[in-house]
Amino acid sequence: MIHKRFPGPSNARTRQFTTLLLLSASLVWTLSAACTPTEADSDAEMLAMVALATGSVSMPVSLVANDQSVSCNQSFTVGSGNTSVQIKDFRVYLSEFAWITPDGEVSATLPDITGWQKDNVVLIDLEDGTGFCSGTGTTDTNSQVVLSSPPANATGLAFSVGLPASQNDLNNTTSDAPFNIAQMYWAWASGFKFANFELSADGVNAYRFHLGSIDCSGSRASDCARAMKGRIQINNVNVATGIQFDVKDWFDGLAFATQPCMGASDPTTALSDGGRCQTLRERMGINHTTGAGNPANAKGFELRQ
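So that you can map any letter, position 273 of the sequence shown is 273 in our numbering, and since no number is skipped, the others follow by simple counting.
Hints were generated in silico from the structure; no laboratory data involved.
Here the structure is a predicted model, which is why all the values come from computation and not from measurement.
A hint or two may mislead.
[Claimed, not checked] Cut-off 35 Å, straight-line C-alpha distance, at most; resulting in silico cross-link-like pairs (DSBU-like, lysine-lysine):
no., residue 1, residue 2
1, LYS299, LYS118
2, LYS299, LYS248
3, LYS118, LYS248
[Unchecked claim] DEER-style ranges, computed between Cβ atoms:
no., residue 1, residue 2, range
4, ASN82, ALA152, 24 to 30 Å
5, GLN259, PRO151, 29 to 35 Å
6, ASP169, SER134, 45 to 51 Å
7, ALA152, GLY131, 42 to 48 Å
8, ALA292, ASP252, 33 to 39 Å
9, ASN82, GLY115, 26 to 32 Å
Each residue gets a CB set at the ideal place from its N, CA and C atoms; glycine is no exception.
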């Protein structure tokens, strides 16, 4: 692991940040807004026991547009034309979590949680199969990450958008959750979609942004020339309020259209693409040319407002 030094905060700022992190260990969020009160209570009890047993913290993850929460049952505007769109699907694998400290990154571990977390990978699922997501999503959702408590001098959080090579080579038909979801697998590349993000401007026809390894020559995902695994760094994270993904920021300055961005073909040279595919990939924290992670390119990954 390459360790990078970051300027440290003042002692007072560090104490404030650490206090917020440690207080958040007692807070638990429900896995799904669609759950009944009984189901929500059960999920909360389970997560509380996991956090208590593992010394972990639980951090919420939100999907927003211009800092306003969005869901499968509403419209919002994106892009240079302020196009009215709806969420049809939003699922993403996050991995390789690390706490940022003045001395570099300190790896964080994720306890296994049936269905959502395994081998230090979490599947964030922010669609619930209702409204505009009906027909593409599922009723199960996961809007939080459970990970090891931060060191006392932590100043931020880093993570990857995507999977390490070992997990990307798994067979989705024989693997445990969250690696067994057909909608998150590219059969043509024998690898996974790191992000499955779909928007619609009319409730039917979708713009599909599927992020994953490309330029593949063999039968395994690790044979792909461009990994296309993003790297994100967020400073001053407050675990109690969590982080957010801002769709409006992702499409900032881009014209919305239904020309897809998918891994089987590279539409970045197509006139109809208008640069959307390359720009969106880069905003996932990626160097588009090499496919390597580049946190400086990331946009729309933020502290929860």
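Hint check:
| no. | hint | verdict |
| --- | --- | --- |
| 1 | LYS299 to LYS118 | 27 Å, holds |
| 2 | LYS299 to LYS248 | 10 Å, holds |
| 3 | LYS118 to LYS248 | 30 Å, holds |
| 4 | ASN82 to ALA152: 24 to 30 Å | 45 Å, violated |
| 5 | GLN259 to PRO151: 29 to 35 Å | 45 Å, violated |
| 6 | ASP169 to SER134: 45 to 51 Å | 33 Å, violated |
| 7 | ALA152 to GLY131: 42 to 48 Å | 43 Å, holds |
| 8 | ALA292 to ASP252: 33 to 39 Å | 23 Å, violated |
| 9 | ASN82 to GLY115: 26 to 32 Å | 37 Å, violated |
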